[in-house]
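Build out the structure end to end from the sequences listed, making use of the hints.
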Amino acid sequence: MAGPVRGEAVSDGRGLGPARIVLAGLLPLILIGAMTAWFLGGGAARLGLVQAPIEKLAIERVVFRPQEIVLHVRNEGPGPMTLAQVFVNDAIWDFSITPGRHLERLGGATISIPFDWIEGEPYVLTVVSGTGIRHTREVPVATATPAVSLGTLGVFGLLGVYVGVIPVLLGLLWLPFLRSIPRVWLDFWLSFTMGLLVFLGIDTIHESLELLGRVPEFLNGLMLIVLGSLGAFFGLVGLGRVLRPRRGDVAAEGGSAAVPASGMGLALMIAIGIGLHNLGEGLAIGAAYTLGEVALGSFLIVGFTLHNTTEGLAILSPLIEGKTRVRDLVLLGVVGGAPTILGTWTGAFTYSDPLSLLFLGLGAGAIFQVVWVLARGRVAKGETVVEALARPLNVAGLFAGFLVMYATSLLVAG
Amino acid sequence: MKRVLLSLVLILVLAGAAWGLAGHEKDPVPGPVRTVAMSMSDYTFNGTNPTLRFKPGERVKFVVTNDEDSRVLHNFRIVGMGVPCERELLPGEKREVTVTIPKSGEFAYTCCTHPGMGGKLVVDAR
Amino acid sequence: MKRHILAPAALLLGALLAGCGGAGGPGEAAREAARSAAAGDSMAVRARDHAIRTLTTFDTGKITRLPDGRTLREYWVEARNAEIEVAPGVRFPAWTYNGAVPGPTLRCTEGDTVLVHFKNSGTMPHSMHFHGIHAAKMDGVFEQVSPGGTYDYAFTAEPFGLHIYHCHTMPVKMHIARGLYGAFIIDPKKPRPKAREMVMVMNGFDTDLNGEDNEFYTVNGYANVYFRDYPIPVKLGELQRVYLVNITEFDLLNSMHTHATFFDVYPTGTSLTPSVYTDVVTMGQGERAILEFKYKYPGRFLFHAHQSEFSELGWLGQFEVKP
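Same order as they appear, the protein sequences are chains A, B and C. Per my numbering, the first sequence runs over residues 1 to 414. Per my numbering, the second sequence runs over residues 1001 to 1126. Per my numbering, the third sequence runs over residues 2001 to 2323.
These aren't lab readings, by the way, just hints derived from the structure by calculation. All of these numbers come straight from a predicted model, not from anything done at the bench. Each residue gets a CB set at the ideal place from its N, CA and C atoms; glycine is no exception. Misleading hints may appear alongside valid ones.
[As the list claims (entries may be wrong)] Among chain A residues calculated to face chain B with C-beta under 8 Å, some are: (1) Asn89; (2) Ala91; (3) Phe95; (4) Ser96; (5) Ile97; (6) Thr98; (7) Arg101; (8) Glu104; (9) Gly107.
[As the list claims (entries may be wrong)] Some chain C residues well away from chain B (every beta-carbon gap over 10 Å; in silico): (10) Asp2059; (11) Gly2099; (12) His2131; (13) Ile2133; (14) Glu2143; (15) Pro2147; (16) Asp2187; (17) Arg2228; (18) Leu2236; (19) Leu2239; (20) Leu2272; (21) Glu2287; (22) Tyr2297.
Here it is in structure tokens:
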């Protein structure tokens, strides 16, 4: 008999039977498990490898309630730890702790401190462990953490509407203008959109990197960002398969099965991407206000508003060809803007640094996916993407979009 | 329609995740009520500011009386268990408050006006 | 079909098992908690008891009469490492004289021959440096005692007053901060007027060992012990005498303030005439004074450092004055 035919599974004499396969797979794992158990069960001591007691307590969240300060803490060190004392501005203070003083590895606790704090003033909160090590978090500006109520939901919801939904809808009003200008400018406007979105994407990554320092190390914040970005990117690619162009939309050049090249489908994808980004932005606004880290001046709100109006423009670009119903426009505006409200609510009431990091990653991934879609849409037959983007109108559009965002971002600075 | 629904679902799922991750504790189930008397005198609770121990989920009624023999005002709170300071008690007055002991933790009970007047309330592990 | 599922399933199971073999499951912290609660409670009790004992305990040594009529007092002091509790729940790896901080209060009379048998059972070289007048070899500086070694310090007790002894091994900052100190009283030949006497050694603990600052401040070794655990009983109108020592490291000054009473201050206790009548006495490290006062009214009265930042980190106590 000749040797195995290409493509067929090899059998007999070279491969293993099913039971042996299982054993072969398990064997290294069992050995590793045994070695680990021995090492941790006393082998380390016998080898003379002493474990340095690195203790790390993260004060993840500080909540200010009427005459009370609440700390949410987590043991980030390699071993269990005990919490013993609490200082507020270097003074021993009474406190309650639940579930208890002893924290396992990665265990958390909530510490309630009865303290008459003053709005707007800085506080230094310290937790002293049983080994006498201080773990401190500084709050530059004490602000009452909003309790969920109809009133506060309304206020932060309104903030999200003003900063997110309205500007995007306003931006959509540019549709008649875009429809009236010469068709050849379509390339310009779509590239403009790309430049806009590239700026947004990089800005989001930058924000998330700045937040890295505050996220507990064991959560590996950088990977959270990557997870969010790649998740959004490929998630949207999958979504794109579902959202194919409807019958009647004009198929522009470069469209494919996975990517709706134009029309409502593409606009919706861009809106979703922008919506995800705005979720992160809303989170940042809500959190900044309640964490007392940024004075929410009207200048800041105006800045965000202008910034988001240009996002409406991004959503419009695929709709220049063909007809669009008003209710579709409204839908796009809501999809792009409404997540801001969810963001501000989350940021104000249940803020958590790791969650924020994940959302920022999602937002960045979404943005870059949309940029990729738009870039591929500019490609004519026989061109590479880079060659397509190198065309004068595209280059001009890219830079114009980027610069507009840069200009509006100056208003948001701070 | 499908596209609209899909996009809305996506956003709702993300929001749901946010709320879910924030974490919300469930309250323990109530049972029969046990009464604990606390006497505030000589700027102490029961003379020694004792450490009180309870089982998780117990329903406890604190009857706190101001037993000072001169005009000293006191009040009573348990930090982190939803028993805030209320109106101060004159000598002879008492306050009753019923709580459900949480699953675990150590809580400080104090008189809000007098430093050092207070002790610990410890939830015994099962 | 079955074949293809078995292998990955087995691999997954194996991975899970290997993961579980890792550092302590959920039961570990509960066991650790129970262990340390039991240990911690007894450490807390020891710290509290030591602070209460130090208040009114004087080690007057083993007394023998020498042929020439002088009194010989012998003391046994051992330097050893001990983990102590310095504030509720907070442990500190101390270097101690006789197992606790502060070390024993040694007491003798002016003119006595003092013989201190010092043994170093610690892990670093140590010594005993007495504040007093004595020969160079008895100064505890150039003669360092290695771990396992012994040394006999012998000198005539002079001058009368309240003094201190502490380790003088380099780096001195560290050896003092780790707890090697205690009070040393030399009574004048004609004893002071009868009074209820207390020893208060003011100190600090740098529990995170950063060598820069103290996390807790105490009197006699346990934060807030006389405020929370043991308000000091005082008889109304009775003369109280406090032997007050400042051995706080890292902070330039410490002080003591009594509420609702003023005291006579005898700086270093080297005179029988007080220098000032006040209610706040401030001292640099190594300084000490004898305070004498009476309470005129009954009730609870605080005493604490007037550096409020120290009083809020453990240097706070109260006298409970009763008729």
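Quick rundown of the hints versus the structure:
Given hint, Asn89 (chain A) at the interface with chain B, is violated; its Cβ is 16 Å from that chain's nearest Cβ, farther than 8 Å. Checking Ala91 (chain A) against chain B: minimum C-beta separation of about 11 Å lies over 8 Å; hint violated. Among the interface hints, the one on Phe95 (chain A) holds; its C-beta lies about 6 Å from the nearest C-beta in chain B, closer than the 8 Å criterion. Interface hint at Ser96 (chain A): satisfied, since its Cβ lies 3 Å from the closest Cβ of chain B, which is below the 8 Å cut-off.
Annotation: interface hint on Ile97 (chain A) holds; nearest CB of chain B at approximately 5 Å, less than 8 Å. For Thr98 (chain A), the suggested interface contact is upheld, since its CB lies about 3 Å from the closest CB of chain B, less than 8 Å. The restraint placing Arg101 (chain A) at the interface with chain B holds, with a minimum CB-CB distance near 6 Å, inside the 8 Å limit. Among the interface hints, the one on Glu104 (chain A) is violated; its C-beta lies about 13 Å from the nearest C-beta in chain B, farther than the 8 Å criterion.
A hinted interface residue such as Gly107 (chain A) counts as satisfied when its beta carbon comes closer than 8 Å to some beta carbon of chain B; here the least separation is about 12 Å, so the hint is violated. At roughly 31 Å, the least C-beta separation between Asp2059 (chain C) and chain B is larger than 10 Å, which holds for a residue marked as non-interface. Remark: the non-interface label on Gly2099 (chain C) is consistent with the geometry, its nearest Cβ contact in chain B lying 27 Å away (cut-off 10 Å). Distance check for His2131 (chain C) against chain B: the nearest CB is about 35 Å away, which clears 10 Å, and the non-interface claim stands.
Here Ile2133 (chain C) stays apart from chain B, with its beta-carbon at least about 43 Å from theirs, past the 10 Å limit. At roughly 46 Å from the closest C-beta of chain B, the C-beta of Glu2143 (chain C) stays outside 10 Å, upholding its exclusion from the interface. Once the 10 Å rule is applied to beta carbons, Pro2147 (chain C) is consistent with being away from chain B; the minimum gap is 40 Å. The claim that Asp2187 (chain C) is not at the interface with chain B holds, since no C-beta of that chain comes within 10 Å of its own (minimum 35 Å).
The claim that Arg2228 (chain C) lies off the interface is violated: its Cβ sits roughly 6 Å from the closest Cβ of chain B, which falls inside the 10 Å cut-off. Here Leu2236 (chain C) stays apart from chain B, with its beta-carbon at least about 15 Å from theirs, past the 10 Å limit. Here Leu2239 (chain C) stays apart from chain B, with its beta-carbon at least about 25 Å from theirs, past the 10 Å limit. Every beta carbon of chain B lies more than 10 Å from that of Leu2272 (chain C), the smallest distance being close to 37 Å; the non-interface claim holds.
Glu2287 (chain C), annotated as away from the interface, keeps every beta carbon of chain B farther than 10 Å; the closest lies near 29 Å. At roughly 13 Å, the least C-beta separation between Tyr2297 (chain C) and chain B is larger than 10 Å, which holds for a residue marked as non-interface.
The structure shown violates the earlier hints numbered 1, 2, 8, 9 and 17.
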